[in-house]
Amino acid sequence: MTDSTGPDDDGIGLAAEYVLGLLSTEERAACDTRLETDPVFRAEVAFWAEQLATLAVAEVQPVAPPARLQARIERALFPDMARAWWRRLGIVPSFVGAAAAAGLVWLSLSLGWIGGPQVPAVPTYQAELAAEDGSLVVRASVTPEAVAVNVTAGGARTGRALELWLIAGEAAPVSLGLLPEAETALFSLPEGLDIAGALLAVSDEPPGGSPTGAPTGDVLAAGPITAL
Amino acid sequence: MSTTGRQDIEAMIARVSLGDRKAFAALYSATSAKLFGVALRVLNDRAEAEECTQEVFIRIWDAAGRYQSNGLSPMTWLITIARNRAIDRLRTRKTRPGDLGEAAEVPSAGPGPEALAIAASDRERIVACMGTLPQDRAEAIRRVYLEGETYQELADRFSMPLNTIRTWLRRGLQKLRECLTE
Numbered sequence: 001m002t003d004s005t006g007p008d009d010d011g012i013g014l015a016a017e018y019v020l021g022l023l024s025t026e027e028r029a030a031c032d033t034r035l036e037t038d039p040v041f042r043a044e045v046a047f048w049a050e051q052l053a054t055l056a057v058a059e060v061q062p063v064a065p066p067a068r069l070q071a072r073i074e075r076a077l078f079p080d081m082a083r084a085w086w087r088r089l090g091i092v093p094s095f096v097g098a099a100a101a102a103g104l105v106w107l108s109l110s111l112g113w114i115g116g117p118q119v120p121a122v123p124t125y126q127a128e129l130a131a132e133d134g135s136l137v138v139r140a141s142v143t144p145e146a147v148a149v150n151v152t153a154g155g156a157r158t159g160r161a162l163e164l165w166l167i168a169g170e171a172a173p174v175s176l177g178l179l180p181e182a183e184t185a186l187f188s189l190p191e192g193l194d195i196a197g198a199l200l201a202v203s204d205e206p207p208g209g210s211p212t213g214a215p216t217g218d219v220l221a222a223g224p225i226t227a228l
Numbered sequence: 001m002s003t004t005g006r007q008d009i010e011a012m013i014a015r016v017s018l019g020d021r022k023a024f025a026a027l028y029s030a031t032s033a034k035l036f037g038v039a040l041r042v043l044n045d046r047a048e049a050e051e052c053t054q055e056v057f058i059r060i061w062d063a064a065g066r067y068q069s070n071g072l073s074p075m076t077w078l079i080t081i082a083r084n085r086a087i088d089r090l091r092t093r094k095t096r097p098g099d100l101g102e103a104a105e106v107p108s109a110g111p112g113p114e115a116l117a118i119a120a121s122d123r124e125r126i127v128a129c130m131g132t133l134p135q136d137r138a139e140a141i142r143r144v145y146l147e148g149e150t151y152q153e154l155a156d157r158f159s160m161p162l163n164t165i166r167t168w169l170r171r172g173l174q175k176l177r178e179c180l181t182e
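Chains A and B, in that order, are what the protein sequence lines are.
Just so you know, we're using the UniProt record's numbering here: the first sequence kicks off at 1 and counts up by one.
Just so you know, we're using the UniProt record's numbering here: the second sequence kicks off at 1 and counts up by one.
Since the hints were made in silico from the structure, they are not lab data.
Any given hint might turn out to be false.
[Unchecked claim] With the C-beta cut set under 8 Å, the calculated list includes, among others, these residues of chain A facing chain B:
hint : residue
1    : Ile12
2    : Leu20
3    : Ala46
4    : Val57
5    : Gln61
6    : Pro62
7    : Val63
8    : Ala64
9    : Leu77
10   : Ala172
11   : Val174
12   : Leu178
[Claimed, not checked] Here are some chain B residues the structure puts well away from chain A; computed CB gaps all over 10 Å:
hint : residue
13   : Glu10
14   : Ala11
15   : Asp45
16   : Glu48
17   : Ala63
18   : Thr92
19   : Thr132
20   : Asp136
21   : Arg137
22   : Glu139
23   : Asp156
24   : Arg157
25   : Ser159
26   : Pro161
27   : Asn163
28   : Thr164
From the three backbone atoms N, C-alpha and C, an ideal C-beta is built for every residue, glycine too.
Work the whole structure out from these sequences, hints included.
Put into structure tokens, the structure is as follows:
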């Protein structure tokens, strides 16, 4: 270089190595100090950062990340947006046909709901939670006191758990508990929840359930609670 | 990226620094494929690249307020965060020490022609200049920047003593710089 205001060869090499991450801890610390006081060195570091990032833009193929990633990031940053990302799943009320209704009766019977001594109410609401690709299907029958669920397809991944959530209105999701390995399970509902129009959802969580009290993993399936 | 220019991305980052979630979503849409691509290239593992990209966007949200003062073009700032995060992960995986720090900590070069937008002409120039280097030297630079290789790994790969490899790579970088500043 003939540019008299430019850095010397050692400065050029160090600046490039700084950006490339090739320096030892001591050399790196020395560069950090130099960056604060030496504008020529600073410009040289910026030069290499620009050039190498440009190389990455030119040569690295863009790859669309999986759709779930954006929701996961927003969930981590904005826990109050929980309701919004349930919505983003595109949940629409689904019509449950006669076969499904028969299934609910079977489910209620098998759980001792209909005619059972402790939970006299017959289910008055239902929900069907299905993953987009059908890899997890959960059917629920709901009374104001309890939710009975039947996992009809899929289950937790190895080493993971499935957690059931209820989201009423704009409120934060309320954990109802972990889905057991057995196909059917009964969850009691906290008092005072407005279940009509609320959502049920299942998220992928670590064993033992969400450590935070809010969903931390991907929402695998969700569906609205509708009147039978 | 083709329809999103430097000024658009700068405006998004500025709005993100004010806590604008819609701007954050727009920035994600405009840049996530590029940043995920970089993480995937470095880490060569989709699950890890996903986690890395999540960390990168959380970092972007937290550090957006410092972007203005660092003097880098917006894509350089974003790519440097993604590349450094991915390489830190790679080195942790290989249980090697060394933290590359954050792009946000690179101080300002001041406004001026160095603060390049990533125009097609800039991309063509760096690719063309890489093409003027001896092939092994260009390969070494790519391996270091995009795959996180160290001097020790380069020495092993190119069968050269460790105390020679540094001079050897620096000579390549010097030549690259001459081509780029011609």
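- prompt: Which earlier hints turn out false for this structure, listed by number in ascending order?
  reply: Structure breaks hints 10, 11, 12.
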